[in-house]
Amino acid sequence: MRQGVEFLMASTILEMRDITKTFPGVKALSNVNLSVEEGEIHAIVGENGAGKSTLMKVLSGVYPSGTYEGEIIFRGQECHFKGIHDSEHIGIVIIHQELALVPMLSITENIFLGNEHATYGVIDWNANEKRTGALLKKVGLKEDPKTLITNIGVGKQQLVEIAKALSKEVKLLILDEPTASLSEKDSQALLDLLLEFKRQGMTSILISHKLNEVNRVADKVTVIRDGRTIETLPRKDITEDRIITSMVGRSLDDRYPPREPQIGEVIFEVKDWSVYHPIHAERQVIKNINLNVRKGEVVGIAGLMGAGRTEFAMSLFGRSYGRHITGEVSLHGKPIDLSSVSKAVENRIAYVTEDRKTYGLNLIDHIKHNVTLANLGGVSNRGVIDDMREMSVANDYRKKTNIRASSVYQLTGNLSGGNQQKVVLSKWLFADPELLILDEPTRGIDVGAKYEIYTIIARLAAEGKAIIVISSEMPELLGISDRIYVMNEGRIVGEMAASDASQEKIMRAIVRGEGKAS
Amino acid sequence: MSTESAPAPQSSVAEDVQPGRRIAVSALTTNLREYGLIIALIVIMLFFQYTTSGTLFKPVNLSNLVQQNSFIIVMALGMLLVIVSGHIDLSVGSVAGFIGALAAMMMVIWPLGIFSNPLVVSIVCLIVGALIGAAQGYWIAYHRIPSFIVTLAGMLIFRGICQALLGGGSSVGPLPDSFKALSSGFIPDVIGPLTLIPPTVNAAGKTIVGSGLTLHMTTVVLGVVAVLAYAYFGLRARRKRERHGYEAEPFPLFVVKTLVGSALALFLVFQFASYKGLPVVLMVMGVLISLFVFVTKRMTIGRRIYAMGGNAKAAQLSGINTERLTLLVFINMGVLSALGGLIIAARLGQAVPAAGLGSELDVIAAVFIGGASAMGGVGQVIGAVVGGFIMGVMNNGMSIMGVNVDWQQVVKGLVLLGAVIFDVYNKNKA
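Chains W and C, in that order, give the protein sequences. Every letter in the first sequence is one number past the one before it in numbering that gives the first Met the number 0, and letter 401, counting from 1, is 400. Every letter in the second sequence is one number past the one before it in numbering that gives the first Met the number 0, and letter 113, counting from 1, is 112.
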């Protein structure tokens, strides 16, 4: 126990002090401070990648004590969580963005998973179901406790998660983007529930980028930007404008290489592109998108997480996402067939994924094999690979994109995020595309590597390629694009020349678009 | 930023100080698994050579060893690709049994006239194997039914058909000699034998079997040519690398490796030559092994299989048709299972209901002992072949020693487990 504890105000339930968390290559949090009072709804806002989720993972013990610096004081006790179990034990429960429910188990089974009412390992189902009934009533969910999770909608699943949290005698409830995948109606219901809990004296932390929601329920707002706490606003100061300024208020200095755009004719054009969800066939994910890219132009697509940008890009690229895809794509004015990835590659279109580890790289193979994978024909004759040609291609791209590795035989799994990204880029550059779609090209990589990626993008544009950049980091889009489309909930909600775009303008387009769709 | 650039200075320092040594060490460590495995095989062989009082390396026993295990190794070539692509095939033993039965029925029972010719029958059987592989691969590739389930079903189905075809518990034979030559035959000596030491003649004027030393000269010539080719191509690849300015493994290491490899090969060739020459099935195996090494190491299709096993989604998003590739991998497995079935039938001289029973487990074990990963994406043809020989030598050695079959299984199980634990331990250490 520390002496400092005595100085805490009696009503402060949680105090996080000088939290610093470093990942290889990235400083995710630096000296973040957060103070939450008993019985309030405390919102944490910030751009994607600002460090909100990381902070909550530190708090809930996902990153155990010792892997970060700083201290956590909960109800007057300094805490050293070794895992989620420790934090839940003292009443901190987090509900993650991706729900952690087992689809083929019932509501009851999910709520008491790992925490069943049992005697000597024999489960008392009656007791469990009775408690479940009571919990479901509390959260206002009218479902049979025996219903399987897979048979209820996302909104109801979210409520089950909350009921599960309540079953653990929660003192501090943390919700990470709880309404990201909910409809307007479900979101409202959820927010009402939060207010109801507040009346009963529960403390909650709400992480959200939907400012209208924050505005509605929060007592305080803490703004995080670039892994730092910017400020904590009391209720009376909470306005959307104030928060937006605080969220994005950083100067655009020379973090972007200079460019002299030479923009030519339209190369690539998409008309009326619509896509439905691959599993929930009735859900339209992409709604009649029209877009074009010119020769030598860098076109940005802005939007928040879940806006459908990745889904759009992947559905274009060989129908790698979604069903019932309709719409037209043309290259140089001629309609082209992109129905498979190999056809897309043949038509000289490349897509650099946002998730390089899952979709971009073979992590158990080395740089050389990864670089040539999308264009093996370029290093082989009649199916036989020319080892020397492959070697010189790999070394060539290693130099061009400045991949830092001991040799091209280094496994990509052992590279830093920035260098992995350069390998994925090299792979697609070697495929010689005319249109390059870059999805979050700088996610999770440090400032120096970001600059290198921007330089590559600038060089490609100067070579006359058409480039689409999808990014959640608005300063980045403003820094490198010539024109920006704003996407929200599967639609294009704005288009602006980068010269008259600003972060506020983009954010406003998004916020205005919010709620319109559903 | 500092972490981003960390690897570069480290390696460049090492390069400046002792480039030769660094390359040697990296060449050794990267191939440690492969060398380790071959060394393990040699150690195991020497062990049994000692415990069987020198029987293991006797020419006649070496021929037996090859003939007994060839079908395992042939099927392991296909299984390697299946496992590298992230799947498994449990049906290979049953498919082999079924194909053996089909071949026997076609050659012995059914009145097919000209079509009961062993060559025609063999070709038909390989095609049937391809169709079986395609049928199973179709469900796995295009309907995403787990390969474990599809091939488990195949295992039951084809064992059943095999037994039904043979009419219950009976066996069908004898098979024509020209067919049996696939397994028990030796390559003809077109050059003619060379007698180095005339056989001892006993009092009755008859030669004593096994005395003297007569060499099968075709075998010797083939062996020497193969060894020279091995050294020549190794040297040429080295030169090519150096000409392009890339580091090759240090010359002394290359020389030692080539000499040791050649010596071992020549020793085996000599042993075979002093008996009846090279078994036909060894030639078949040799051709197939070379082909699969080439396909996996040098051809785009091989590269694509590894990429698919390493990360199927990334492979797909790189324009690789993973469905078709999976189908091809299973068709290939079907053809090799069929070939395995023909080899078994040819060795037994008849088709029996239990042919190939349980051999899928030996085949899978060979691939895993050879260092393949159950997660896919990792595994070498040579590894699987050596793994197959390790299993074979243990079978053979323990049988000569008179170890009970029950305990043989225990030992084989322990070796499999040990090999994989060794792999996992190495990986965690690195």
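Calculated from the structure, these hints are not laboratory results. Don't take every hint at face value.
[Stated by the list, open to error] For lysine-lysine, the following DSSO-like pairs were computed, each having C-alpha atoms within a straight-line distance of at most 30 Å:
#1 C/K239 / C/K57
#2 W/K56 / C/K312
#3 C/K57 / C/K296
#4 W/K184 / W/K56
#5 W/K398 / C/K205
#6 W/K294 / W/K235
#7 W/K399 / C/K296
#8 W/K81 / C/K426
#9 W/K399 / C/K205
#10 W/K286 / W/K219
#11 W/K141 / W/K81
#12 W/K342 / C/K411
#13 W/K270 / W/K235
#14 C/K256 / W/K356
#15 W/K356 / W/K333
#16 C/K312 / C/K426
#17 C/K239 / W/K399
#18 W/K129 / W/K197
#19 C/K426 / W/K356
#20 W/K26 / W/K342
#21 W/K170 / W/K137
#22 C/K239 / W/K342
#23 W/K136 / W/K167
#24 C/K275 / C/K296
#25 W/K286 / C/K57
#26 W/K270 / C/K312
#27 C/K411 / W/K356
#28 W/K56 / W/K270
#29 C/K296 / C/K179
#30 C/K275 / C/K205
#31 C/K239 / W/K398
#32 W/K235 / W/K219
#33 W/K270 / W/K219
#34 W/K270 / W/K333
#35 W/K129 / W/K184
#36 W/K398 / W/K294
#37 W/K219 / W/K294
#38 W/K398 / C/K296
#39 C/K239 / W/K26
#40 W/K141 / W/K129
Predicted, not measured: the structure shown is a model, and the values here were computed from it.
Hints versus structure:
1. A distance of roughly 40 Å separates the Cα atoms of C/K239 and C/K57; the hinted pair therefore is violated under the 30 Å criterion.
2. A hinted pair counts as satisfied when its Cα atoms are at most 30 Å apart, and W/K56 with C/K312 qualifies at roughly 28 Å.
3. With a CA separation close to 34 Å, the supplied pair C/K57 and C/K296 exceeds the 30 Å bound.
4. Between W/K184 and W/K56 the CA atoms are separated by roughly 29 Å; this keeps the pair inside 30 Å, and the hint holds.
5. Of the supplied pair hints, the one linking W/K398 and C/K205 is violated, its CA atoms being roughly 76 Å apart against a limit of 30 Å.
6. For the proposed pair W/K294 and W/K235, the alpha carbon gap of about 49 Å is over 30 Å, so the pair is violated.
7. Between the alpha carbons of W/K399 and C/K296 the distance comes to roughly 27 Å, so the proposed pair stays at or under 30 Å and holds.
8. Pair hint W/K81 plus C/K426 holds up; C-alpha atoms about 27 Å apart against a cutoff of 30 Å.
9. The hinted pair formed by W/K399 and C/K205 fails the criterion: a straight-line CA distance of about 78 Å is larger than 30 Å.
10. For the hint linking W/K286 to W/K219, the alpha-carbon distance of about 36 Å lies beyond 30 Å, and the restraint is violated.
11. A distance of roughly 36 Å separates the Cα atoms of W/K141 and W/K81; the hinted pair therefore is violated under the 30 Å criterion.
12. Of the pairs offered as hints, the one joining W/K342 and C/K411 is violated, with about 48 Å between alpha carbons and a cut-off of 30 Å exceeded.
13. Restraint check for W/K270 and W/K235: not satisfied, since their Cα atoms lie roughly 46 Å apart, outside the 30 Å limit.
14. For the hint linking C/K256 to W/K356, the alpha-carbon distance of about 37 Å lies beyond 30 Å, and the restraint is violated.
15. Straight-line distance between C-alpha atoms of W/K356 and W/K333 comes to about 34 Å, which puts the hinted pair past the 30 Å bound.
16. Of the pairs offered as hints, the one joining C/K312 and C/K426 holds, with about 24 Å between alpha carbons and a cut-off of 30 Å not exceeded.
17. The suggested pairing of C/K239 with W/K399 holds, with an alpha-carbon distance near 24 Å, which does not exceed 30 Å.
18. Straight-line distance between C-alpha atoms of W/K129 and W/K197 comes to about 25 Å, which keeps the hinted pair within the 30 Å bound.
19. As the CA atoms of C/K426 and W/K356 are separated by approximately 19 Å, the hinted pair is consistent with the 30 Å bound.
20. Proposed proximity of W/K26 and W/K342 is contradicted: the alpha carbons are some 40 Å apart, above 30 Å.
21. For the suggested pair W/K170 and W/K137, the alpha carbons sit about 16 Å apart, so the restraint of at most 30 Å is met.
22. The straight-line distance between the Cα atoms of C/K239 and W/K342 is roughly 35 Å, outside the 30 Å bound, and the hint therefore fails.
23. This hinted pair checks out: W/K136 and W/K167 have alpha carbons roughly 16 Å apart, not beyond 30 Å.
24. A C-alpha spacing of about 34 Å is found between C/K275 and C/K296, which places the hinted pair above 30 Å, so the restraint is violated.
25. Distance restraint check for W/K286 and C/K57: the Cα-Cα separation of roughly 76 Å exceeds the 30 Å cut-off, and the hinted pair is therefore not satisfied.
26. Annotation: proposed proximity of W/K270 to C/K312 holds, straight-line Cα distance about 27 Å (limit 30 Å).
27. Simply put, C/K411 and W/K356 have alpha-carbon atoms about 37 Å apart, too far for the 30 Å limit, and the pair is violated.
28. For the suggested pair W/K56 and W/K270, the alpha carbons sit about 42 Å apart, so the restraint of at most 30 Å is broken.
29. Restraint check: the Cα-Cα separation between C/K296 and C/K179 comes to about 33 Å, which exceeds 30 Å; the hinted pair is violated.
30. Distance check on the hinted pair: C/K275 and C/K205 sit about 20 Å apart at the alpha-carbon level, within 30 Å; holds.
31. About 22 Å separates the Cα atoms of C/K239 and W/K398, which keeps this hinted pair within 30 Å; it holds.
32. Restraint check: the Cα-Cα separation between W/K235 and W/K219 comes to about 9 Å, which is no more than 30 Å; the hinted pair holds.
33. With a C-alpha separation of about 44 Å, the suggested pair W/K270 and W/K219 falls outside the 30 Å cut-off, and the hint is violated.
34. Of the supplied pair hints, the one linking W/K270 and W/K333 holds, its CA atoms being roughly 12 Å apart against a limit of 30 Å.
35. For the suggested pair W/K129 and W/K184, the alpha carbons sit about 28 Å apart, so the restraint of at most 30 Å is met.
36. Taking the CA atoms of W/K398 and W/K294, the gap is near 26 Å; set against the 30 Å cutoff, the hint holds.
37. Between W/K219 and W/K294 the CA atoms are separated by roughly 47 Å; this puts the pair beyond 30 Å, and the hint is violated.
38. Of the pairs offered as hints, the one joining W/K398 and C/K296 holds, with about 25 Å between alpha carbons and a cut-off of 30 Å not exceeded.
39. Distance hint between C/K239 and W/K26 is unfulfilled; the C-alpha atoms sit about 45 Å from each other, more than 30 Å.
40. Annotation: proposed proximity of W/K141 to W/K129 holds, straight-line Cα distance about 14 Å (limit 30 Å).
This entry does not satisfy hints 1, 3, 5, 6, 9, 10, 11, 12, 13, 14, 15, 20, 22, 24, 25, 27, 28, 29, 33, 37 and 39, going by the numbered hints stated previously.
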